[in-house]
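First residue of the sequence shown? That's 37 in the working numbering, and the numbers climb one at a time after it.
Derived by calculation from the structure, the hints in this document are not laboratory data.
C-beta: ideal position from N, C-alpha, C; glycine also.
Honestly, I wouldn't trust all of these hints.
As the list claims (entries may be wrong) - If you anchor each label on the Cβ, the simulated ranges turn out as follows: (1) E116 x Q238: 50 to 60 Å; (2) S225 x E114: 30 to 40 Å; (3) L111 x A239: 51 to 61 Å.
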Amino acid sequence: MLVPDAGQTRTYRFSKGKLRLIIAVLGTSIVLGLLGAYSIYANYSLREQLNLAIQTTQKERIAFTHQQESFEQTLKAEEEKMNVYARSLGQMQARLSRLDSLGKRLVETSSLTSAEFDFDVQPAFGGPRINAENDEADMMLMNQMQLVDSKIALLDTNLVAINYLLQDGIEENSARPHAWPSDGGWLSSKYGIRTDPFTSKQAIHRGIDIANRFGAPVLSSSRGVVIYAGKVKDYGYMVEIEHGYGYRTRYGHMSSLSVSVGDVVEANNIIGRIGSSGRSTGPHLHYEVRRNNEALNPERFLPKS
37 MLVPDAGQTR
47 TYRFSKGKLR
57 LIIAVLGTSI
67 VLGLLGAYSI
77 YANYSLREQL
87 NLAIQTTQKE
97 RIAFTHQQES
107 FEQTLKAEEE
117 KMNVYARSLG
127 QMQARLSRLD
137 SLGKRLVETS
147 SLTSAEFDFD
157 VQPAFGGPRI
167 NAENDEADMM
177 LMNQMQLVDS
187 KIALLDTNLV
197 AINYLLQDGI
207 EENSARPHAW
217 PSDGGWLSSK
227 YGIRTDPFTS
237 KQAIHRGIDI
247 ANRFGAPVLS
257 SSRGVVIYAG
267 KVKDYGYMVE
277 IEHGYGYRTR
287 YGHMSSLSVS
297 VGDVVEANNI
307 IGRIGSSGRS
317 TGPHLHYEVR
327 RNNEALNPER
337 FLPKS
């Protein structure tokens with residue numbers, strides 16, 4: 037029943053079949069509308085996901101490009117570093133060859149003994165451990181450079197000593213160690229077989245020990261040139277002096293050093309201070325005398341009085 041105007045009433049009658057048809061049409065329209073709305077929503081969501089995937093892919097591509105550029109720059113830097121290493125190694129080897137030839141000629145044309153200055157010996161050397169991840173060629177170059185650098189340092193030391201001996205025309209008597217190597221003190225351990233103070237076992241003592249107060253001056257026992265000044269395992273702070281004619285002296289366990297490699301010292305010059313560095317039980321000087329690298333009893337070279 038429909039009421040179009042206030043005073044009129046219209047009535048429509050539908051059969052059950054038409055009513056079912058109308059309801060079916062309305063239901064189908066509603067279902068289709070809902071399906072259309074869902075399709076629109078689903079398509080929008082899919083587009084959003086697709087856009088997000090595209091943006092993520094673009095970001096990853098940009099990041100990959102940056103990583104690739106960084107890798108290429110690193111590779112280029114490594115190649116340049118290898119080239120620098122190779123050039124440096126070539127220069128070092130050329131210098132080594134010149135120093136080696138010069139040293140041998142100086143020994144051959146002088147009265148110096150070849151046993152005292154052996155230019156063919158390979159120096160012992162060490163250094164930081166190179167990680168296994170490093171390039172094998174890089175490791176080989178670094179090891180070779182360390183070896184050549186150590187040999188050059190050894191040659192430089194020998195040449196400094198040779199230059200000093202040749203220029204000053206040192207006589208054997210003046211080269212021979214003869215002065216007491218400390219300002220005061222007393223002989224606390226002799227040369228030869230003794231009981232090791234750390235292990236309590238018999239061991240060879242290749243020098244003598246001179247006990248003294250901490251900080252007392254350590255003195256050169258003869259004129260010479262310093263060929264080593266630094267820290268050595270067991271010796272602690274140590275100085276080694278080349279006196280000529282095969283004579284060398286060593287001064288160990290010092291608390292500080294007063295000289296550097298290449299310094300020319302006279303007898304009784306201060307070269308350091310008494311200490312207890314290295315393998316030591318208290319303040320004292322470990323003193324060695326060597327000739328042609330053979331340890332001698334230092335008491336033979338101490339003053340009689």
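Going through the hints against the structure:
{"no.": "1", "hint": "E116 x Q238: 50 to 60 Å", "in the structure": "58 Å, holds"}
{"no.": "2", "hint": "S225 x E114: 30 to 40 Å", "in the structure": "54 Å, violated"}
{"no.": "3", "hint": "L111 x A239: 51 to 61 Å", "in the structure": "55 Å, holds"}
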